[in-house]
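Asks: Chain residues, written in single-letter form:
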Amino acid sequence: MLSSALASEPPPQRQQELAHMVRQECGSCHGMSLQGGLGPALLPADLRDKPAEGLAATIYHGRPGTAMPPWQRFLTEAEAAWVVDRLLSGFPE
Amino acid sequence: MRILFSVLLVAFLSACAGTPPLRGTGDLALIIERASGHVTLANTSTRQPYARIGGLGDLSHASAVYSRDGRYAYVFGRDGALSKIDMLEGRMVKRIVQSGNAIGGSISQDGRIVVAQNYKPGGIKAFDAETLELLAEVPAEYAPGQFSKVVGLADSPGNKFVYALFDAGEIWVSDFSDPRRPVTQRFPAGQNPYDGLVTPDGRHFLAGLFGEDGVALLDLWQPEKGSRKILEKYGRGEEKLPVYKMPHLRGWSVAQGKAYLPAIGRHEVLVVDVATWKEVGRIPVRGQPVFVMARPDGRQVWVNFAFPDYGKVDVIDTLKGQVAHQLEPGKGILHMEFTPRGENVWLSARDDHKILIYNTENLTRIGEITADAPSGIFFSSRAQRIGF
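Same order as they appear, the protein sequences are chains A and B.
Residue 93 in our numbering sits at position 93 of the first sequence; the count goes up by one each step and never skips.
Residue 1352 in our numbering sits at position 352 of the second sequence; the count goes up by one each step and never skips.
If you are wondering where the hints come from, they were derived from the structure by calculation, not from laboratory data.
Only a predicted model underlies this, so the values are computations on that prediction, with no experimental measurement involved.
Even glycine gets a Cβ: it sits at the ideal position worked out from N, Cα and C.
Just so you know, not all the hints are guaranteed correct.
[To be verified] Derived, one-sided and incomplete: chain A residues facing chain B with beta-carbon distance under 8 Å:
#1 E25
#2 S28
#3 M32
#4 Q35
#5 L38
#6 P40
#7 P44
#8 P64
#9 T76
#10 A78
Using the sequences and the hints given, assemble the complete structure.
Replies: Right, dumping it as structure tokens:
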């Protein structure tokens, strides 16, 4: 688990908050189990071929012209990168 | 013969000894517990839960419709499951997995057909309400090989179902007069319809648009006149605020000859005269509206909000045309449901793990029910309403 050694990893309490936000708030479009809904599925197999930086930028800045809003009011760029890292490796419950 | 009859009578009476007392179904509630795949059943007169049923799968964004006698609830799960719940016996009667990814459903005017709307594969599927046997399906194939997610499915008179195609920007009307051979008509809607509603009289279908400012309108009494757009350019070209959750539309938006509709990307409720379909007002509120629900008598309209403002609820006074009360009932208010005559409203507070029950006249909290991350609340009185 090289990625979990990143210096920017959020503290455990914040990780729990982020995990809750992804499951509950992102889940309203992407599904609580991240299998997709109005928004696409976010399981490792769905994201594997996409560059991680692009995914983090999509979370942080949103994607204009689509239903994906920017989440920068609610997390930092480093936290968006952590969320992507978790999504790629199997998201915590 | 007489001896046989007596034996049967004794057997019948002794079987009755173990059965619970008779009761009606008019005042029951089903509460979705989204995180754990459970539903809690409650009584809206005693305001107490009476049963809890598990094993329903992924219930994020789950919804329910009722059989016309109010006895059975059909629960549509996000994972494509359709579960039939016996509200009186408090148990699951049947469960099928009918698609990969579903978003709700509806029941026909005659109560015989239950229809699920699906994201993947995009389209609708019709089932026998008694057995859940598949009767027919209408794939949302709007161009060769291209399928759309289906939103806004609602029943309308004549065993018709009306729905919108998110990716295709169309409204479809499928007539299930012959349940195994539906006939479908297509109408243009606009960019990315996100949900729809049938007015309480069953006459008009409205599809809210996400991709543009406006609402698509179809007169189901005169479909030959085609669909048209109302509330065009309500955003006046101003930049939209981010939308962190799609609003929901249903026939509850109509009160006192007006429809109260959530704006998209604006912290406003739009008010439309349903005789002329012209905008007659807009009411500032404290967030992106998700549910804009009139109390059954139309005297109040309650509004809840998308993340991050979902701890708030605004109550609009429809005589004054403005917010009269600002509430902060709890954490993560996801849904609201009025008792049939409107004296109480139940709110689900997801992150408080509670259903909060309010008196709508004096806005005091009169009860609560514990539930695990509750979302949708569905009262059995929906059984008798068009578009529910």
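Asks: Interface hint check: P40 of chain A, Cβ to nearest Cβ on chain B, cutoff 8 Å. Holds or violated?
Replies: For P40 of chain A, the interface hint is violated, since the closest Cβ of chain B sits about 10 Å away, which is over 8 Å.
Asks: Let me know if the C-beta of P64 of chain A comes in closer than 8 Å to any C-beta of chain B, holds or violated.
Replies: 10 Å, violated
Asks: Please check whether E25 of chain A passes as an interface residue: C-beta within 8 Å of a C-beta belonging to chain B.
Replies: Cβ of E25 of chain A sits 5 Å from chain B, so the hint holds.
Asks: Can the hint on P44 of chain A be confirmed by a CB-to-CB distance to chain B that is less than 8 Å?
Replies: With a minimum Cβ separation of about 18 Å from chain B (threshold 8 Å), the hint on P44 of chain A is violated.
Asks: Would you settle whether the hint for A78 of chain A is holds or violated, based on the nearest Cβ-Cβ distance to chain B being less than 8 Å?
Replies: 20 Å, violated
Asks: Using 8 Å as the Cβ threshold, decide whether L38 of chain A counts as touching chain B.
Replies: 6 Å, holds
Asks: So, S28 of chain A near chain B? Judge it on the closest CB pair being under 8 Å.
Replies: 5 Å, holds
Asks: Are Q35 of chain A and chain B close enough, Cβ to Cβ, to be under 8 Å, as the hint says?
Replies: It holds, given that the least Cβ distance between Q35 of chain A and chain B is near 7 Å, below 8 Å.
Asks: Against chain B, is T76 of chain A within 8 Å by beta-carbon distance?
Replies: 16 Å, violated
Asks: Does M32 of chain A pass the interface check with chain B, least Cβ-Cβ distance below 8 Å?
Replies: Hint on M32 of chain A: holds, closest Cβ of chain B at ~4 Å, below 8 Å.
Hints 6, 7, 8, 9 and 10 from the earlier list are contradicted by this structure; the remaining hints agree with it.
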